[in-house]
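Taken in sequence, the protein lines are chains S and D.
To convert a position in the first sequence, counted from 1, into our numbering, add 7.
To convert a position in the second sequence, counted from 1, into our numbering, add 7.
By construction, these hints were calculated from the structure, which means they are not laboratory data.
Treat the hints loosely; a few may be bogus.
The list makes no distinction among identical chains, and a pair is therefore deemed to hold if it is satisfied within one copy or across any two copies.
Here are the simulated SDA-like pairs of lysine to any residue, each with C-alpha atoms no more than 20 Å apart in a straight line [as the list claims (entries may be wrong)]:
1) Lys302 x Arg190
2) Lys27 x Pro48
3) Lys114 x Asp290
4) Lys302 x Arg265
5) Lys264 x Lys302
6) Lys264 x Leu304
Protein chains: 2
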Amino acid sequence: MSITVVGSVALDTVETPSGKNIEGLGGAAVYFSLAAANFCPVHLVGIIGDDFPERHVRLLESKQINTDGLERAPGKTFRWTGRYHDDINERDTLDTQLNVFADFHPKLPQAAREAAFLFLGNIHPSLQREVLEQSRRRFAGVDTMNLWINTTPDDLQDVLKRVDAIFVNDSEARMLSGVHDLRQAADLIRAMGPGIVVIKKGEHGCLLFGQEADQVFAIPALPLESVADPTGAGDSFAGGFMGYLATCESVDFDALKRAVVYGSVLASFTCEAFGPDRLIEVDADQIAQRYAAFKALTSF
Amino acid sequence: MSITVVGSVALDTVETPSGKNIEGLGGAAVYFSLAAANFCPVHLVGIIGDDFPERHVRLLESKQINTDGLERAPGKTFRWTGRYHDDINERDTLDTQLNVFADFHPKLPQAAREAAFLFLGNIHPSLQREVLEQSRRRFAGVDTMNLWINTTPDDLQDVLKRVDAIFVNDSEARMLSGVHDLRQAADLIRAMGPGIVVIKKGEHGCLLFGQEADQVFAIPALPLESVADPTGAGDSFAGGFMGYLATCESVDFDALKRAVVYGSVLASFTCEAFGPDRLIEVDADQIAQRYAAFKALTSF
């Protein structure tokens with residue numbers, strides 16, 4: 008099975024208590040692709056400007072990430088600048104320059120249309136819908152954010168009706184559902200369409216709600232000795248989750264639980280270095296070892 | 008094995024989004040005792056005023072909780088008044104009346120001195136030390152709070168040198184260690200004395216750090232459909248933890264992990280009703296069922 012991901016490709020400038028990374032490779036679709044490509048071939052659909060370093064494209068292609076859907080447009084690449092607090096779970100966005108991303112309309116090459124798994128990164132829900140209309144996927148996951156929940160609720164609801172899984176953080180789950188309790192929130196979100204609700208809680212781990220009412224799974228985050236840069240952890244989580252799922256014979260609750268663990272594994276690697284540096288280096292043995300570490304951490 | 012617990016016995020007035028409970032049975036030592044008594048006999052050491060309803064004493068005694076160490080003093084019982092926010096993890100203390108608790112000096116009856124397990128509830132560290140001097144325990148656990156960490160650090164350090172386990176929440180762990188990262192915090196706290204560090208994170212579960220450097224266990228909290236009143240959840244956790252441990256042949260890391268789960272089980276029951284109402288009713292079958300629910304929640 009292969010996966011298509013549509014989302015941002017960016018040059019990120021990030022400052023954390025550990026240091027600073029200027030105009031490094033970033034963007035949700037990049038983190039997702041790098042994580043998912045540990046499991047299966049990925050089709051990346053996004054847009055870059057004419058200032059995007061070619062070495063980044065070559066890096067992605069070296070990792071079974073197909074970039075035929077990576078559009079090159081005149082102008083500058085999307086840029087994001089953020090600063091993390093001493094409490095690394097808090098960050099401020101200092102600057103966002105959409106640049107070529109402002110006029111992006113995703114165009115899926117044939118192979119990307121045919122991919123069995125589709126992940127809609129956090130872009131305007133009307134663009135997510137354009138992607139859904141082009142795709143012949145069997146399973147679609149979606150990410151969103153407070154901005155779309157608040158400003159384009161109808162477009163978002165239309166997307167939610169047509170996807171299988173949603174990835175949100177706890178505050179997004181509360182905003183989308185209108186309730187504080189995460190279990191009630193998950194029930195309400197499932198009623199909007201996606202049978203599978205994944206609620207990411209950062210340093211506090213993750214909750215998975217399956218298609219059946221009693222299917223709940225919780226996993227803590229790995230207590231890391233130090234977190235260099237959590238940028239992209241959520242996208243790496245989704246990539247690890249969807250990538251593993253694409254290797255499974257069927258999407259049952261046991262497979263979903265393991266997918267959550269693989270998502271957590273990839274997210275934990277991402278946090279260990281700036282940008283996707285650690286994620287780029289990770290190999291199958293290290294992933295297996297960290298999966299075992301999650302087992303040891305949580306087994307009793 | 009039996010356990011001695013020393014701490015507050017109170018009349019609590021609590022308001023939560025679900026309702027209000029006026030001058031109900033409360034206090035850390037009460038929650039601890041009720042939770043621990045599901046596993047082993049408990050000696051409760053505390054102080055009450057002459058206004059303390061006798062039915063509460065009879066209730067405790069009906070649960071294999073020995074109240075020979077429950078001192079009765081002229082005057083009023085310790086009272087605490089608090090109000091929880093819509094986000095039930097946040098609360099304000101509206102009023103604290105120490106009353107007879109202000110002049111409390113714990114006096115352990117002979118049987119309480121001999122108990123193999125000792126839990127020092129959250130009282131002034133100099134009182135905790137008085138208890139340590141009276142006790143012939145084999146294993147001591149301690150609770151503390153930001154107040155003592157800030158105002159009586161030397162007394163607290165003296166206590167920490169002499170105990171086996173400490174129960175703190177995440178903000179207390181950070182304050183006590185001076186570092187934000189909980190793994191580093193646990194290492195620093197272990198260097199102060201207690202080989203076992205339990206960090207309670209409320210709705211986000213719990214972290215356990217064992218005597219060996221690589222012994223880490225994490226468990227999420229059970230996602231409850233609704234939380235009526237979390238008062239006493241932390242004390243119930245400690246009671247379930249210590250109570251289970253008192254039934255184990257040896258205090259190894261596997262036993263400690265199961266103790267964390269039993270602590271979480273008892274804490275989850277406490278949250279389901281006002282005050283200790285649910286904790287009073289719980290039976291061995293329900294505890295076993297909920298232990299299995301934690302297994303299902305976390306197994307992959």
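Each hint, compared with the structure:
Only between protomers do Lys302 and Arg190 lie at most 20 Å apart by alpha-carbon distance; the minimum there is 18 Å, versus 24 Å within a single protomer. Neither within a single protomer nor between protomers do Lys27 and Pro48 lie at most 20 Å apart by alpha-carbon distance, with minima of 32 Å and 57 Å respectively. Taking CA atoms no more than 20 Å apart as the test, Lys114 paired with Asp290 passes in neither setting, with 31 Å inside one copy and 60 Å between copies. Within a single copy, Lys302 and Arg265 get their C-alpha atoms as close as 11 Å, and across copies as close as 15 Å, so both meet the 20 Å cut-off.
Taking the closest pair of Cα atoms, Lys264 and Lys302 come within 20 Å of each other both inside a single copy (12 Å) and across two copies (13 Å). Taking the closest pair of Cα atoms, Lys264 and Leu304 come within 20 Å of each other both inside a single copy (15 Å) and across two copies (10 Å).
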